[in-house]
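**Student:** Next come the chains, spelled out residue by residue.
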Amino acid sequence: MSEAIRADVRADVSAPGGGATRGDGTGAGSGSDDGRPVAKAILDAVLEGNSVVVTVLAIFSAVVVGGLLIAFTDPPVLHAWGQLFSNPGNAFVQAWDAASGAYSAMFESAIINPHAVAAAFHGGSVTAVFNPLSETAVNATPLILAGLSVALAFRAGLFNIGAAGQFIGGAMIAGWIGFAVNLPVVIHVVVAVIGGFVGGAIVGWFVGFLKARTGAHEVIVTIMLNYVMEFLILYLLGLTVFRQKGRPDPISPPVAGNATLPHLFGSVLRVNAGFLVALAAAAAVWWLLERTTIGFQLRTVGSNSKAARSAGMSPESTWIVVMLIAGGLAGLAGSAVVQGTDFVLTPQIYGTYGFDAITVALLGRAKPGGTVLASLLFGALHAGGIGMQAQTQIPVDIVTVLQSLIVLFVAAPPLMREVFRLRSTRAAGQLEARGWSG
Amino acid sequence: MQEAAAANSNVTVKYLQSTTQSDYVPNINQFISQKCGIIVTVGFLMGTATQNAAKANPNQKFAIVDYTYSPAIKNVDALVFDTVQDGFLGGYLAAGMSKTHKVATFGGMKLPTVTIYMDGFWDGVQYYNKQHHANVQVLGWNEQTQNGSFTGDFTNQTKGETLTQTFISEGADVIFPVAGNVGLGAAKAVQTADSSGQNVNMEWVDTDGCISAPQYCKYFITSVEKGIQSAVKTAVLAAASGTFKGGNYIGTLANGGVTLAPFHDFQSKVPAALQSELNQVKQGIISGKIPTPTKSPV
Amino acid sequence: MSIQTAVLTARRSITVERRHVLAGLLVFLGLIDALVFGYLASKGDAVFTFTLTGAKVNVPNLVLAPGPVDEGLGALSVLLGIVYATFDLARVPRRLIAATCLVGFVVSFLVWSDAGRIPLPFVSLLATTMSSSIPLMLGALAGCLCERSGVINVAIEGQLLLGAFGAAVVASAFGNLWLGLITGALCGGLIALLLGAFAIRYRVDQIVLGIVLNVFASGLTGYLYDAALVPYENRLNSPQTFNPIKIPLLGDIPILGPVLFDSTVFLYITYIVIALVQVGLFSTRWGLRVRAVGEHPEAADTVGINVLATRWRNVILGGLVAGIGGAYLTIGSVGSFGKDMSSGQGFIALAAMIFGRWTPLGAVGAALLFGFTTAVANVLGTLGAPIPSDILLMLPYVATIVAVAGLVGRGRPPKADGQPYVKA
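Protein chains in written order, with my numbering: chain Z, 322 to 759; chain E, 125 to 422; chain L, 4 to 427.
The following block holds chain Z by itself, in its conformation from the complex:
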């Protein structure tokens, strides 16, 4: 048994309330609790590389590597490199321009655009100032929900690759309630969101059930179910019940106005109540994990299922419950998309949320708060990528490269410490490694 897992068990047993041994990921390693002056604590935190510092350094490193990739593949820059000897300065100027242009376009589309701010002062639209932030939140919403799904399963020692399939299950039921059923205001949207949870939960429950009853590995079942659900939605959209009248395309009718998640700040900004659902879900998952008996069982099963069994817990029933809730969370992500941004069911509705969910869950160290922050970062990168592509014509895949590099670097604090010559210290909130739960 590895050191990390043993530490985890100890934390659960010795510090049931505070979890002080391992902290919440941000506090660990800072060592500010032994009466040293605050300034020194901060300095130590930076030098030792606590998890906040590591995350910042990881993002910085990923940005540098991504910038190099842009600088060495952008056609005008390549052309300038070709003339390196005749005009050496130009190559570096071009490379810098390409990379910095890409990143400033990303920043303007994800956080705040100075031009929009300036325009607002001269009588332009005020909402335009907040549009980038709104887009970031919109992109983060399904990621938070699907990420929580992966994170929760992970804490119970289960590996949920099936967020995409559960997402489709949720989107299908939420969408169907949205366009096929007539219900009054408020009730309709609530029922559809619950339907989304149920749709995902059914798919998730099936995985947990198979694992508990037959031992079928959840990794196999979730991968296979993703494909099954992708073809199932394609099949259903081929039926007249799921189609718009008089159109041959596999698109459902739009969800009724009553069933759409209301916009939070006027009709222009796309940020909607789905974002609040996601935040509430994160709070609920935190409460479930940290404050309930189920949560305690879940974490115990996750860190050592044998020990859990000898303590009188049933890993099997825990698996079923966990997968049910995890599936439901991914289903909520489907409902957030179909009721919040897309409004129709299509064969491609699942996008890339399934795997993005795994990466944000890792980046957030399988903790609810961390998952929210990681989703916001990925949402910002995604929103920024759109702007970058539009303004600089650099392929949007660079954002995928950036995302994966950030996660890689964040996941390996020792690497960041080596690169930036920080003092070595005890593990700063690194996600403990584990094997197949088998």
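Please note: incorrect hints may appear among the correct ones.
[Said to hold, decoys possible] Keeping only pairs whose Cα atoms sit at most 25 Å apart, straight-line, the calculated BS3-like set for lysine-lysine is: (1) Lys406(E) to Lys393(E); (2) Lys179(E) to Lys566(Z); (3) Lys198(E) to Lys159(E); (4) Lys342(L) to Lys226(E); (5) Lys59(L) to Lys223(E).
In short, the hints are calculated from the structure, not lab data.
Using the hints, position chains E and L against chain Z.
**Tutor:** Just chains E and L now, kept in the frame of chain Z:
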């Protein structure tokens, strides 16, 4: 679109790729805020997003490929292509060229823009059978049951290859893949069969295969073309020169929006009689004497 | 000790409840054979052909009448199911019975689908099974190599994709297929290098690490495809492809020849890799050491095995193998590279390895099962079988779930799989 830029040096092209559906709206908004002359969107998935953007920005010109609106929208040039018509010609030609009396078609995914080709291909073969009292079979699609062979995506080229190998082993000698790049897998299978001494050929789809996949040109009897490029080019140039008029445009054999590509290497191999029959069929379709039914109408 | 445990686990007879459930499944399959496929088949016989055009030996076609065949097979399944439930059989007869019923089910399904339609080309069905399973088999073997030494490899998808990319670009740029093949392998090795660095050196969680590496490979190849391969398609993305090589004599054996001995060099490489991995892991000193490291690194370390070096070696080897599988996708099959062309096959390979209980032969078997169901679904689509195409496309995935849940059950990964090793 690049052609439009080449034809009019004032036209510059910017292009955005969406990774998820939720990107459509912001992608369109990006271009609106950049004050593009015309925004071209592609595919039925973008239909609603384009419609909403067009209504919110009545002065912005749009074009959308493979989607129409009823009623038409004034500032959207909706470009669709009645590919059942040239698919019909492709089917007729395939039936005429088949020695084994078996021809095959398959799709990437069961989407209307795909099955409309397959419907046309099927119709064309049936019409050939009726005219010649022949019995050429179509593998991989049946218009009546709307069921057939699909690879399941537009990326897995190996699947296109194995599917085509299966068709060939079942005796088909003209293959018509309607699956984008997955068709390259079909071409590879045809090449392999050819090098082992079997006489198998194929028809390319959407573009002239001898231009888009020249390495396989000698296996392409023809290509069942869909004039997206020239239609988009017309729309873009119209927007640039101020003659843009929205509404729905349907590419047909009559207006040249859909067509069979030149025979290239097969110019001498397609019998003259068959070529003239094809011309007659084409005229028949244009005049409406020969019906081209489809369950995925544009 | 742990090996003994494994043997004991395998010999243990199954519980009465599980036996009854499985027997019920067999009876159920038999009833479907007889009642659904037997009665609902359209008029006309099902014809299976066994000869490809150009074969030297002509094997006669098999003509089956759906009614009697399906009902007979159904009755057999029901009978065997009852036997299964009544007696507490040993492992071998248990497996034989299950296999017979499953084969019977597949045959009666095929007979029902083909009845009254064009002949079903059986040899081609098996041949496409083999060729489309190549990346799955190599990917699953790559997984075995890594995981037997205690490093989880979820990055197979990324290794396939980067391997496909590298092979296409180099084969195209230098006009040399073998150079492309080597580059493909090295590209798989490159992802393995990252996997090793982060998993072994920096002790990152390996499952999630694998996922991230897949995303990285997808992003990187997607970006380079748009930035370099599209503008310079002729120079960088138009490779030649390997042609099939028919092995003399063996290639002319009826049925087996075209399936096993008339393919590109990739299939023959796959045979060699299967043999090397299987023999290497289970019959050599090297394999013993690898498994010791994967099961009990502390003990291995005490007897002087270098745990980290062993893991590094296996991770890199695995990457090279998966890279070859990736190269197949381009220069072994269609030639040019397309975005995300691995289309999830790395994940199927991963599932096949788990399905095969972390053994090379089991993993290959599972990969072939998947390839076979895919080929069956393909053939049924071409014949115009009365099943909606989207449902047919689900078939391989559903079959895998059924097989894993119904037949395989709980597998046991190497004990230290996924646990980073820290020298005490």
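**Student:** Are the hints correct? Go through all of them and say.
**Tutor:** Verification of the hints:
Distance check on the hinted pair: Lys406(E) and Lys393(E) sit about 20 Å apart at the alpha-carbon level, within 25 Å; holds. Between the alpha carbons of Lys179(E) and Lys566(Z) the distance comes to roughly 22 Å, so the proposed pair stays at or under 25 Å and holds. A C-alpha spacing of about 18 Å is found between Lys198(E) and Lys159(E), which places the hinted pair at or below 25 Å, so the restraint holds. Only pairs whose Cα atoms come within 25 Å are accepted, and Lys342(L) paired with Lys226(E) is rejected, the gap being roughly 33 Å.
Our distance criterion of 25 Å between C-alpha atoms is met by Lys59(L) and Lys223(E), whose separation comes to about 22 Å.
Against the hints set out earlier in the document, a violation occurs for number 4 only.
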